[in-house]
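Participant: Construct the entire structure; sequences and hints are all you get.
Here the sequence shown is numbered in this note's numbering, starting from 77 and rising by one per residue.
Worth double-checking, as some hints may not be accurate.
[Claimed, not checked] Derived DSSO-like pairs (lysine-lysine); straight-line CA-CA distance at most 30 Å: (1) K491 - K414; (2) K381 - K505; (3) K468 - K325; (4) K261 - K381; (5) K381 - K149; (6) K505 - K447; (7) K366 - K303; (8) K117 - K414; (9) K297 - K314; (10) K303 - K192; (11) K314 - K414; (12) K278 - K468; (13) K125 - K207; (14) K367 - K321; (15) K202 - K391; (16) K468 - K117; (17) K117 - K492; (18) K125 - K414; (19) K303 - K261; (20) K331 - K261; (21) K468 - K149; (22) K468 - K331; (23) K367 - K505; (24) K473 - K125; (25) K505 - K314; (26) K367 - K381; (27) K491 - K146; (28) K261 - K278; (29) K261 - K367; (30) K398 - K505; (31) K146 - K447; (32) K505 - K468.
Since the hints were derived computationally from the structure, they do not count as laboratory data.
All figures in this text were calculated on a predicted structure; none of them were measured in a lab.
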Amino acid sequence: MKINFNLQFFIFLFIFSFVSELSISQTAQLNKDNLIGEILKSYPEIFQKILDNPNEYHLQIIYTQIDRDKENKPHFTQYNYQLDPHDYFYPASLVKLPVVALSLEKINRLKTDSIKTNPKLSSLTKDTRLKIDSAFYCQSVVEKDSTSENGFPSIAHYIKKMMLVSDNDGYTHLYEFLGQDYACKQLWAKGYTSARIIHRFKLCNTQQNKYTNPFIFFSEKGDTIYKQRMQYNPELFKNYIETAKAGRKNIENGKLVNHPKDFSFSNYICLQDINDVLMSIIFPQAVEEKKRFQLTQDDYNFLRKYMSMYPYESKYPKYDRKNYYDSYKKYFLFGDSKDSITNRNIRIFNVVGQSYGFLSDIAYVADFQNKIEFMLSAVIYVNSDGIINDGKYDYDKIGFPFLGDLGRVIYDYEKKRNRATVPDLSEFKIDY
Numbered sequence: 077m078k079i080n081f082n083l084q085f086f087i088f089l090f091i092f093s094f095v096s097e098l099s100i101s102q103t104a105q106l107n108k109d110n111l112i113g114e115i116l117k118s119y120p121e122i123f124q125k126i127l128d129n130p131n132e133y134h135l136q137i138i139y140t141q142i143d144r145d146k147e148n149k150p151h152f153t154q155y156n157y158q159l160d161p162h163d164y165f166y167p168a169s170l171v172k173l174p175v176v177a178l179s180l181e182k183i184n185r186l187k188t189d190s191i192k193t194n195p196k197l198s199s200l201t202k203d204t205r206l207k208i209d210s211a212f213y214c215q216s217v218v219e220k221d222s223t224s225e226n227g228f229p230s231i232a233h234y235i236k237k238m239m240l241v242s243d244n245d246g247y248t249h250l251y252e253f254l255g256q257d258y259a260c261k262q263l264w265a266k267g268y269t270s271a272r273i274i275h276r277f278k279l280c281n282t283q284q285n286k287y288t289n290p291f292i293f294f295s296e297k298g299d300t301i302y303k304q305r306m307q308y309n310p311e312l313f314k315n316y317i318e319t320a321k322a323g324r325k326n327i328e329n330g331k332l333v334n335h336p337k338d339f340s341f342s343n344y345i346c347l348q349d350i351n352d353v354l355m356s357i358i359f360p361q362a363v364e365e366k367k368r369f370q371l372t373q374d375d376y377n378f379l380r381k382y383m384s385m386y387p388y389e390s391k392y393p394k395y396d397r398k399n400y401y402d403s404y405k406k407y408f409l410f411g412d413s414k415d416s417i418t419n420r421n422i423r424i425f426n427v428v429g430q431s432y433g434f435l436s437d438i439a440y441v442a443d444f445q446n447k448i449e450f451m452l453s454a455v456i457y458v459n460s461d462g463i464i465n466d467g468k469y470d471y472d473k474i475g476f477p478f479l480g481d482l483g484r485v486i487y488d489y490e491k492k493r494n495r496a497t498v499p500d501l502s503e504f505k506i507d508y
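Facilitator: As structure tokens, then:
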């Protein structure tokens with residue numbers, strides 16, 4: 077059967093058009109997926125060594141562009157580089173962000189869920205004075221805190237120290253307030269299924285970390301508002317990654333052993349999950365409802381303030397600017413310098429991690445002068461001798477310069493990127 081020439085030509089055009097569109101679509105998707113790599117490759121003098129050795133550095137990056145519509149509603153486009161939830165990294169202090177969010181949420185829940193059975197809970201807040209008791213091994217009593225304005229500990233004061241200078245003592249006490257079982261299962265229920273919050277930041281073994289301290293909260297008059305008994309997790313929570321190991325060798329009990337360090341019973345949260353936790357704090361309406369924390373607007377404002385504040389700007393607690401320099405926990409853009417940060421038009425709302433050779437940062441960056449904003453999360457492993465626990469990591473030589481450079485090149489890219497609508501960032505301008 078002969079086909080009319082015009083029909084043949086039409087079919088040819090249709091097929092050519094379809095294939096061309098498919099090719100363009102695939103190329104666009106390829107460029108989208110490789111955007112971070114393309115940006116880094118355009119600075120070979122800075123990044124080539126790391127790009128050439130991906131297995132050595134275990135580099136993972138998430139870069140999120142933010143575009144506002146005419147109503148100033150943000151819309152997000154996420155770009156990934158080597159993102160892998162099964163490539164283990166030790167999150168270190170990154171876990172402090174979900175812990176502080178859960179702690180604020182728990183205060184709110186105690187207040188609303190138990191107020192009928194205990195009317196005194198109506199006065200419970202994050203600023204309420206507390207006492208931490210001891211009932212098991214590796215627990216200690218805490219009744220006072222000389223760095224707070226009233227001389228007593230509180231949930232809010234621990235959060236301030238954690239967000240300002242990544243205080244480990246504050247993390248340990250909020251871990252004890254939450255309890256191992258509660259912390260993990262609450263995060264899993266919210267969809268952060270990679271999370272394992274299973275140990276203090278002090279020398280306690282796996283069994284001891286399953287037991288967490290009693291807490292007592294007091295009114296301003298000194299009356300007991302709420303008592304929390306010692307909590308115990310009967311289950312054994314283990315990292316879901318089978319190869320949760322790092323290093324070629326490890327120092328155990330002062331001796332060098334020829335095998336990697338096993339992180340099976342250590343904290344973990346994958347980069348995507350901790351990135352989404354940050355998103356839920358900065359842009360709660362941008363994540364699905366179940367992934368949000370039950371926080372008040374005052375809670376959000378409180379967290380954002382102390383995440384973005386420089387240590388010297390705090391009165392309680394008070395920090396020496398010489399020891400706690402401006403970039404103490406601002407790795408992106410500024411982490412490779414201890415000079416004072418003079419550009420006050422840029423604020424970084426972030427949490428960082430540093431331990432065992434792993435260096436990480438998750439951040440929302442806002443430039444109020446140039447009207448740009450973006451999110452950036454990254455982790456890099458810098459341990460050239462391959463030995464864990466020897467204290468010889470390449471933070472200063474490789475890690476901090478890389479994260480500083482990464483933040484700067486993404487920031488420069490954002491400054492040149494076209495936006496249909498100039499964002500109104502006034503909600504993030506804070507009186508410090």
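Participant: Each hint needs a verdict: does it hold in this structure or not?
Facilitator: Cross-check of the supplied hints:
Annotation: proposed proximity of K491 to K414 holds, straight-line Cα distance about 24 Å (limit 30 Å). Of the supplied pair hints, the one linking K381 and K505 holds, its CA atoms being roughly 9 Å apart against a limit of 30 Å. For the hint linking K468 to K325, the alpha-carbon distance of about 13 Å falls within 30 Å, and the restraint holds. Annotation: proposed proximity of K261 to K381 holds, straight-line Cα distance about 28 Å (limit 30 Å).
For the hint pairing K381 with K149, the CA-to-CA distance comes to about 21 Å; that is within 30 Å, so the pair holds. Straight-line distance between C-alpha atoms of K505 and K447 comes to about 12 Å, which keeps the hinted pair within the 30 Å bound. A hinted pair counts as satisfied when its Cα atoms are at most 30 Å apart, and K366 with K303 qualifies at roughly 29 Å. The straight-line distance between the Cα atoms of K117 and K414 is roughly 27 Å, inside the 30 Å bound, and the hint therefore holds.
Pair hint K297 plus K314 does not hold up; C-alpha atoms about 43 Å apart against a cutoff of 30 Å. The straight-line distance between the Cα atoms of K303 and K192 is roughly 16 Å, inside the 30 Å bound, and the hint therefore holds. Using a Cα cut-off of 30 Å, the hinted pair K314 and K414 is violated, with the two alpha carbons roughly 38 Å apart. Between the alpha carbons of K278 and K468 the distance comes to roughly 21 Å, so the proposed pair stays at or under 30 Å and holds.
A hinted pair counts as satisfied when its Cα atoms are at most 30 Å apart, and K125 with K207 does not qualify at roughly 51 Å. For the given pair, K367 sits about 29 Å from K321 by alpha-carbon distance, which is consistent with the 30 Å threshold. Of the supplied pair hints, the one linking K202 and K391 holds, its CA atoms being roughly 18 Å apart against a limit of 30 Å. Restraint check for K468 and K117: satisfied, since their Cα atoms lie roughly 29 Å apart, inside the 30 Å limit.
Restraint check for K117 and K492: the C-alpha separation of about 18 Å stays at or below 30 Å, so the hint holds. The straight-line distance between the Cα atoms of K125 and K414 is roughly 25 Å, inside the 30 Å bound, and the hint therefore holds. With a CA separation close to 22 Å, the supplied pair K303 and K261 stays within the 30 Å bound. With a C-alpha separation of about 36 Å, the suggested pair K331 and K261 falls outside the 30 Å cut-off, and the hint is violated.
The hinted pair formed by K468 and K149 fails the criterion: a straight-line CA distance of about 46 Å is larger than 30 Å. The hinted pair formed by K468 and K331 meets the criterion: a straight-line CA distance of about 15 Å does not exceed 30 Å. Between K367 and K505 the CA atoms are separated by roughly 25 Å; this keeps the pair inside 30 Å, and the hint holds. Proximity of K473 to K125 is assessed by CA-CA distance (about 13 Å); at most 30 Å being required, the pair is judged to hold.
Using a Cα cut-off of 30 Å, the hinted pair K505 and K314 is violated, with the two alpha carbons roughly 41 Å apart. For the given pair, K367 sits about 22 Å from K381 by alpha-carbon distance, which is consistent with the 30 Å threshold. Proposed proximity of K491 and K146 is supported: the alpha carbons are some 20 Å apart, at most 30 Å. Only pairs whose Cα atoms come within 30 Å are accepted, and K261 paired with K278 is accepted, the gap being roughly 22 Å.
Restraint check for K261 and K367: satisfied, since their Cα atoms lie roughly 13 Å apart, inside the 30 Å limit. A C-alpha spacing of about 26 Å is found between K398 and K505, which places the hinted pair at or below 30 Å, so the restraint holds. For a cut-off of 30 Å, the pair hint linking K146 to K447 stands: about 15 Å separates their Cα positions. Of the pairs offered as hints, the one joining K505 and K468 is violated, with about 39 Å between alpha carbons and a cut-off of 30 Å exceeded.
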